[in-house]
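*Asks:* Single-letter residue listing:
Protein chains: 2
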Amino acid sequence: MTTKYLLPEDQIPRHWYNILADLKTPPAPVLHPGTKKPVGPQDLAPLFPMAIIEQEMSGKREVPIPDEVRNALALWRPSPLFRATRLEQAIGTRSHIYYKYEGVSPSGSHKPNTAVAQAYYNKKEGVRRLATETGAGQWGSSLAFAGQLFGLEVTVYMVRISYEQKPYRRSMMKTWGAEVFPSPTDKTNAGRSILAKDPRSNGSLGIAISEAVEDAATHDDTKYSLGSVLNHVCMHQTVIGLEAQQQMKLAGEYPDVVIACHGGGSNFSGIALPFARDKINGKQVRLLAAEPTSCPSLTKGKYTFDYGDTVGMTPIVKMHTLGHDFMPPGIHAGGLRYHGAAPLVSKLLDEGLIEAVAYGQRGCFEAAVTFARSEGVIPAPESSHAIKAAIEEARKADAEGRTRVILFNLSGHGHFDMAAYDQYLAGKLEDFEYPSEAVEKSMKNLPQVQL
Amino acid sequence: MTTKYLLPEDQIPRHWYNILADLKTPPAPVLHPGTKKPVGPQDLAPLFPMAIIEQEMSGKREVPIPDEVRNALALWRPSPLFRATRLEQAIGTRSHIYYKYEGVSPSGSHKPNTAVAQAYYNKKEGVRRLATETGAGQWGSSLAFAGQLFGLEVTVYMVRISYEQKPYRRSMMKTWGAEVFPSPTDKTNAGRSILAKDPRSNGSLGIAISEAVEDAATHDDTKYSLGSVLNHVCMHQTVIGLEAQQQMKLAGEYPDVVIACHGGGSNFSGIALPFARDKINGKQVRLLAAEPTSCPSLTKGKYTFDYGDTVGMTPIVKMHTLGHDFMPPGIHAGGLRYHGAAPLVSKLLDEGLIEAVAYGQRGCFEAAVTFARSEGVIPAPESSHAIKAAIEEARKADAEGRTRVILFNLSGHGHFDMAAYDQYLAGKLEDFEYPSEAVEKSMKNLPQVQL
Numbered sequence: 001m002t003t004k005y006l007l008p009e010d011q012i013p014r015h016w017y018n019i020l021a022d023l024k025t026p027p028a029p030v031l032h033p034g035t036k037k038p039v040g041p042q043d044l045a046p047l048f049p050m051a052i053i054e055q056e057m058s059g060k061r062e063v064p065i066p067d068e069v070r071n072a073l074a075l076w077r078p079s080p081l082f083r084a085t086r087l088e089q090a091i092g093t094r095s096h097i098y099y100k101y102e103g104v105s106p107s108g109s110h111k112p113n114t115a116v117a118q119a120y121y122n123k124k125e126g127v128r129r130l131a132t133e134t135g136a137g138q139w140g141s142s143l144a145f146a147g148q149l150f151g152l153e154v155t156v157y158m159v160r161i162s163y164e165q166k167p168y169r170r171s172m173m174k175t176w177g178a179e180v181f182p183s184p185t186d187k188t189n190a191g192r193s194i195l196a197k198d199p200r201s202n203g204s205l206g207i208a209i210s211e212a213v214e215d216a217a218t219h220d221d222t223k224y225s226l227g228s229v230l231n232h233v234c235m236h237q238t239v240i241g242l243e244a245q246q247q248m249k250l251a252g253e254y255p256d257v258v259i260a261c262h263g264g265g266s267n268f269s270g271i272a273l274p275f276a277r278d279k280i281n282g283k284q285v286r287l288l289a290a291e292p293t294s295c296p297s298l299t300k301g302k303y304t305f306d307y308g309d310t311v312g313m314t315p316i317v318k319m320h321t322l323g324h325d326f327m328p329p330g331i332h333a334g335g336l337r338y339h340g341a342a343p344l345v346s347k348l349l350d351e352g353l354i355e356a357v358a359y360g361q362r363g364c365f366e367a368a369v370t371f372a373r374s375e376g377v378i379p380a381p382e383s384s385h386a387i388k389a390a391i392e393e394a395r396k397a398d399a400e401g402r403t404r405v406i407l408f409n410l411s412g413h414g415h416f417d418m419a420a421y422d423q424y425l426a427g428k429l430e431d432f433e434y435p436s437e438a439v440e441k442s443m444k445n446l447p448q449v450q451l
Numbered sequence: 001m002t003t004k005y006l007l008p009e010d011q012i013p014r015h016w017y018n019i020l021a022d023l024k025t026p027p028a029p030v031l032h033p034g035t036k037k038p039v040g041p042q043d044l045a046p047l048f049p050m051a052i053i054e055q056e057m058s059g060k061r062e063v064p065i066p067d068e069v070r071n072a073l074a075l076w077r078p079s080p081l082f083r084a085t086r087l088e089q090a091i092g093t094r095s096h097i098y099y100k101y102e103g104v105s106p107s108g109s110h111k112p113n114t115a116v117a118q119a120y121y122n123k124k125e126g127v128r129r130l131a132t133e134t135g136a137g138q139w140g141s142s143l144a145f146a147g148q149l150f151g152l153e154v155t156v157y158m159v160r161i162s163y164e165q166k167p168y169r170r171s172m173m174k175t176w177g178a179e180v181f182p183s184p185t186d187k188t189n190a191g192r193s194i195l196a197k198d199p200r201s202n203g204s205l206g207i208a209i210s211e212a213v214e215d216a217a218t219h220d221d222t223k224y225s226l227g228s229v230l231n232h233v234c235m236h237q238t239v240i241g242l243e244a245q246q247q248m249k250l251a252g253e254y255p256d257v258v259i260a261c262h263g264g265g266s267n268f269s270g271i272a273l274p275f276a277r278d279k280i281n282g283k284q285v286r287l288l289a290a291e292p293t294s295c296p297s298l299t300k301g302k303y304t305f306d307y308g309d310t311v312g313m314t315p316i317v318k319m320h321t322l323g324h325d326f327m328p329p330g331i332h333a334g335g336l337r338y339h340g341a342a343p344l345v346s347k348l349l350d351e352g353l354i355e356a357v358a359y360g361q362r363g364c365f366e367a368a369v370t371f372a373r374s375e376g377v378i379p380a381p382e383s384s385h386a387i388k389a390a391i392e393e394a395r396k397a398d399a400e401g402r403t404r405v406i407l408f409n410l411s412g413h414g415h416f417d418m419a420a421y422d423q424y425l426a427g428k429l430e431d432f433e434y435p436s437e438a439v440e441k442s443m444k445n446l447p448q449v450q451l
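In the order they appear, the protein sequences are chains A and B. To convert, note that position 109 of the first sequence is 109 in my numbering; the numbers rise steadily by one, no gaps. To convert, note that position 145 of the second sequence is 145 in my numbering; the numbers rise steadily by one, no gaps.
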């Protein structure tokens, strides 16, 4: 019995899929945070290389993946696709459950898919250093690795509380040669202004973004790099779904439903967008984003214009948002604690092309442990939301007396999240459910935009 | 350019290779620790199922791998073989460096290769529970995972200092459903006797072995399981080398030298024994075991009879040993801190079929960081010894103006060893070199054996 579907290296995709080309209506404009007028390429030039800015706005359906990027991806891609037969047995379903596994990358998640592309384009345009922020460290470690491959220096502003409480992601970044500072630092105006008010500030992702953006904007040889939300990031991740389509062909099945967890949207986009293209072309397939009840941007957020960061320094985009000052509780799926959703994913939800569902973290960890005990891999807390959704889809199909083909993306392993498993196994995890009133309150501070 | 050589699932080996069949002279007998007479199958029956005891003593060249074991191995096998072209560039060598990567297993090392086989045979013979010891936790987590797959309970006696200082391997074991106790415990006579003398004992691998063995010997439904040293364990690991032989064919090359790190000997045996068979059959190939200078059993030990454990409760075997009361310093490659070497590996060294070399940990971490920054994967400290040896072989070939084909086994990733990388990067790691006199002193307490 075959459980794995592998592709040879020459089947790493040669093009990224850009769903902007297939949308029924054009995406909403991106607005300058000061003028609230649409931004042009020149507004973004201090932060990103031109190739990335072009990709961000491109209407080309297929964007070629440079050989240098494919060669870097080949260190771990194509990633394997598994039929989860032992999970199926463990939950007693008649449905067929498949998962694509992105934890085989050096940093252990899907993040390097875009990190190597971004590092490549920056290097090609003569950039010497990249600045970025990281929370728990998935993105920072991925960019550290990618920067090392292309000979770029990488500076990571890591939220101080994570820097202190989760030292091992920080160690990974340093092993890959990056410079890592606990944010807020005294190296930027943004950091100094926070420290002046609170010298012992724990930091936040919003502050760390401000520091990284300021670092890039104030150094000619330095650009900024972001790990989710933006169009080009979502597009870089489509290698996941493009490979999965080939692998499902090898398995001789086509999914009834494609599932991924959703934080900023890059992981969900990665597996779902190529299947969304099939759907646009008439194929029957459901696309399901699984998010935490503690940060329910897709299921309870409003589709409107909002800032990408907490403090209102980044461009304003139209997205499903809980309000940029929404403060999600400290759940263990740190990668899903973002107040908004990628504009692309938001638009697909608005157009009815995709669905979203929210789960509490206890149920997700229960699903993760069931998965670890049957399939072996200990999942990242983020990925556990996709597992939970896959199991629920299988159970619903069983209840309806049907057999469903389910595909989900296991975006990463949980090797750096074992403390969360300890808490779950000790019965100490809490669920957080946000009442709609609380979400409405956090949306009172949205930017005033007139188009 | 292809960097990975993958095999389809149906090429997971169907037989283990048992090198006992090809030795020029029979192996030395295994002696009872009390009577010092050769042990028979019945002496081992309280600890192991009969199928394992037969394998331990078998002279059959090829031992079939049961389908149930192959299906379990298929969760991650065949493991990939890589051409390390980026490492070659980083060190500027003309040699070709290949590595087999065992870190893709759920627990992140080669250990599950034998864990699933041992769990299967125990389950088949009606065993309900397995008891074992673990130091830093690589073996304990692998057996926890394997036990879960076959529906066996697993009890792990984990050295107390590791239990407290390295909590995440413990968390993995619990996630896979194992029961984990800090050793010494009050559950065994062995543990109680230690605690009576020192209630705050840090424990040791020797004590933990005694506890696990006593647990198995005193419970009818429980057997003992060991992760290295023994013949059957080395044989189970030969799937590594058997796959690597197929993958080197795909690469169109045959290695001049095959390298692995050496602790108890199972990892080295795994990749080297199938190539040793080629060598016995006339092929030109060097087989090189890389060990730490802090625990140099192969390079400075004596080939003689000694106990397998520290306290003298286990059978006496002929092996390269530093003396069973040799106490290696606390280097970060915890899996290489064993006073002896597998009897099989020892015999091959004695017969001149293999070579051994020792390196200090600083040079090994330097090699590991070079590897991480070129190939991506952050290696386990144990595996870094193989990387160091591979780089040295490449450099020697360059100095001689030759091109060498080098194959090494990357036995695992370092995701649970990042604190060691922190220490290395901070310049805080020490090297330990044992003067021959010190080793001679630790060998004064060898058992008196007359055959």
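Hints are computed from structural coordinates only; laboratory data are not their basis. The model shown is predicted, which means the values in this text are computed figures rather than measured ones. Treat each hint with caution, since some may be false.
What the hints assert, rightly or not - Derived, one-sided and incomplete: chain B residues facing chain A with beta-carbon distance under 8 Å: (1) THR3; (2) ILE12; (3) ARG14; (4) PRO26; (5) PRO29; (6) ALA74; (7) LEU75; (8) VAL104; (9) SER171; (10) TRP176; (11) GLU179; (12) THR370; (13) VAL377; (14) ILE378; (15) HIS415; (16) TYR421.
Cβ coordinates follow ideal geometry from the N, Cα and C atoms, glycine included.
*Asks:* All hints, please: hold or fail.
*Replies:* Hint by hint, here is what the structure shows:
1. THR3: holds (5 Å)
2. ILE12: violated (11 Å)
3. ARG14: At 15 Å from the nearest chain A Cβ, ARG14 (chain B) fails the 8 Å test, so the hint is violated.
4. PRO26: Status violated, d = 39 Å.
5. PRO29: violated (38 Å)
6. ALA74: holds (5 Å)
7. LEU75: holds (5 Å)
8. VAL104: holds (7 Å)
9. SER171: holds (4 Å)
10. TRP176: Hint holds; TRP176 (chain B) Cβ to chain A Cβ min 6 Å, cut 8 Å.
11. GLU179: violated (12 Å)
12. THR370: violated (11 Å)
13. VAL377: holds (6 Å)
14. ILE378: This interface hint holds because 6 Å falls under the 8 Å limit.
15. HIS415: holds (4 Å)
16. TYR421: It holds, given that the least Cβ distance between TYR421 (chain B) and chain A is near 5 Å, below 8 Å.
Checked against the numbered hints above, the structure violates hints 2, 3, 4, 5, 11 and 12; every other hint is satisfied.
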